[in-house]
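Use the sequences and the hints to build the structure in full.
Residue numbers (my numbering), protein chains in the order written: chain D, 16 to 130; chain W, 2 to 116.
In case anyone wonders, no lab produced these hints; they're calculated from the structure. These figures come from a predicted structure and were not determined experimentally. Be careful, since some hints might not be right.
[To be verified] Once the Cα atoms are required to be at most 30 Å apart in a straight line, the calculated DSS-like pairs of lysine-lysine come out as: (1) K14/W x K84/D; (2) K73/D x K83/D; (3) K58/W x K64/D; (4) K58/W x K125/D; (5) K73/D x K129/D; (6) K125/D x K73/D; (7) K125/D x K83/D; (8) K125/D x K64/D; (9) K14/W x K58/W.
[To be verified] So the derived label-pair ranges between C-beta atoms look like this: (10) G31/D x I13/W: 34 to 44 Å; (11) S24/D x S87/W: 17 to 27 Å; (12) N78/W x S85/D: 37 to 47 Å; (13) G63/W x P130/D: 48 to 58 Å; (14) P94/D x E53/W: 44 to 54 Å; (15) T20/D x P62/W: 24 to 34 Å; (16) E76/W x T87/D: 32 to 42 Å; (17) G68/D x S23/W: 30 to 40 Å; (18) K129/D x S23/W: 39 to 49 Å; (19) S66/W x S122/D: 19 to 29 Å; (20) T6/W x K125/D: 37 to 47 Å; (21) H25/D x Q42/W: 11 to 21 Å; (22) G4/W x G31/D: 25 to 35 Å; (23) E111/D x N72/W: 30 to 40 Å.
Beta carbons are placed, not taken as given, at the ideal position from N, Cα and C, and that holds for glycine.
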Amino acid sequence: AQSVTQLGSHVSVSEGALVLLRCNYSSSVPPYLFWYVQYPNQGLQLLLKYTTGATLVKGINGFEAEFKKSETSFHLTKPSAHMSDAAEYFCAVSDEGDNFNKFYFGSGTKLNVKP
Amino acid sequence: KAGVTQTPRYLIKTRGQQVTLSCSPISGHRSVSWYQQTPGQGLQFLFEYFSETQRNKGNFPGRFSGRQFSNSRSEMNVSTLELGDSALYLCASSLQGQPGSYGYTFGSGTRLTVV
Numbered sequence: 016a017q018s019v020t021q022l023g024s025h026v027s028v029s030e031g032a033l034v035l036l037r038c039n040y041s042s043s044v045p046p047y048l049f050w051y052v053q054y055p056n057q058g059l060q061l062l063l064k065y066t067t068g069a070t071l072v073k074g075i076n077g078f079e080a081e082f083k084k085s086e087t088s089f090h091l092t093k094p095s096a097h098m099s100d101a102a103e104y105f106c107a108v109s110d111e112g113d114n115f116n117k118f119y120f121g122s123g124t125k126l127n128v129k130p
Numbered sequence: 002k003a004g005v006t007q008t009p010r011y012l013i014k015t016r017g018q019q020v021t022l023s024c025s026p027i028s029g030h031r032s033v034s035w036y037q038q039t040p041g042q043g044l045q046f047l048f049e050y051f052s053e054t055q056r057n058k059g060n061f062p063g064r065f066s067g068r069q070f071s072n073s074r075s076e077m078n079v080s081t082l083e084l085g086d087s088a089l090y091l092c093a094s095s096l097q098g099q100p101g102s103y104g105y106t107f108g109s110g111t112r113l114t115v116v
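The structure is reproduced here in structure tokens:
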């Protein structure tokens, strides 16, 4: 089974500052990787995904993430935080083999953006 | 176009009762998955359906069951409710037959409270 670790359950940044949310996974083969965002009382919205090809992936709202196989990481970044970015962010990885439509999610990182 | 619709949004049930939650995927989406979200356990996979067939199942007791209809709508049922079943239940759908490589679109969830 896969596992996903998100370092830091809460991250606080100032508006305009760099956002860095960390995600590490365990997998014996390169998985498919995803970042989702959840606003209060809402479902999850897909920010970006990595399947194959270019390891730097750009998503919506100015977010991007880089797949680093050697570090088993898929950290999410945004150059300049906006107040509207305050939400909870989840990293997810698909399972292996026949179960790859099953996702494992990290425990989430709540992003607070200070004015 | 309409997103993933889950009904009801909120539900309060008593221990020992059973409950049925409904999910209408985005039109044309044939893959539907269910996840349970709790503060303690985070997001956990329940099951995944494609063309009325359950393809994957998570590690939940047999009290949790689901099905998918020919129009891709899905229901999940929890029998003999326990206090620990209180959670946000999220449904997600995907156009592709292999959503593990494309990601899911999530609904806003059904908040189930067991008292």
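To see whether the hints hold, each was checked on the structure:
no., hint, verdict
1, K14/W x K84/D, "violated, 46 Å"
2, K73/D x K83/D, "holds, 15 Å"
3, K58/W x K64/D, "holds, 23 Å"
4, K58/W x K125/D, "holds, 29 Å"
5, K73/D x K129/D, "holds, 24 Å"
6, K125/D x K73/D, "holds, 21 Å"
7, K125/D x K83/D, "holds, 23 Å"
8, K125/D x K64/D, "holds, 20 Å"
9, K14/W x K58/W, "holds, 25 Å"
10, G31/D x I13/W: 34 to 44 Å, "holds, 43 Å"
11, S24/D x S87/W: 17 to 27 Å, "holds, 21 Å"
12, N78/W x S85/D: 37 to 47 Å, "holds, 45 Å"
13, G63/W x P130/D: 48 to 58 Å, "holds, 50 Å"
14, P94/D x E53/W: 44 to 54 Å, "holds, 45 Å"
15, T20/D x P62/W: 24 to 34 Å, "holds, 27 Å"
16, E76/W x T87/D: 32 to 42 Å, "holds, 37 Å"
17, G68/D x S23/W: 30 to 40 Å, "holds, 37 Å"
18, K129/D x S23/W: 39 to 49 Å, "holds, 40 Å"
19, S66/W x S122/D: 19 to 29 Å, "holds, 27 Å"
20, T6/W x K125/D: 37 to 47 Å, "violated, 27 Å"
21, H25/D x Q42/W: 11 to 21 Å, "holds, 19 Å"
22, G4/W x G31/D: 25 to 35 Å, "holds, 32 Å"
23, E111/D x N72/W: 30 to 40 Å, "holds, 31 Å"
Hints 1 and 20 from the list above are not met by this structure, while the remaining hints are.
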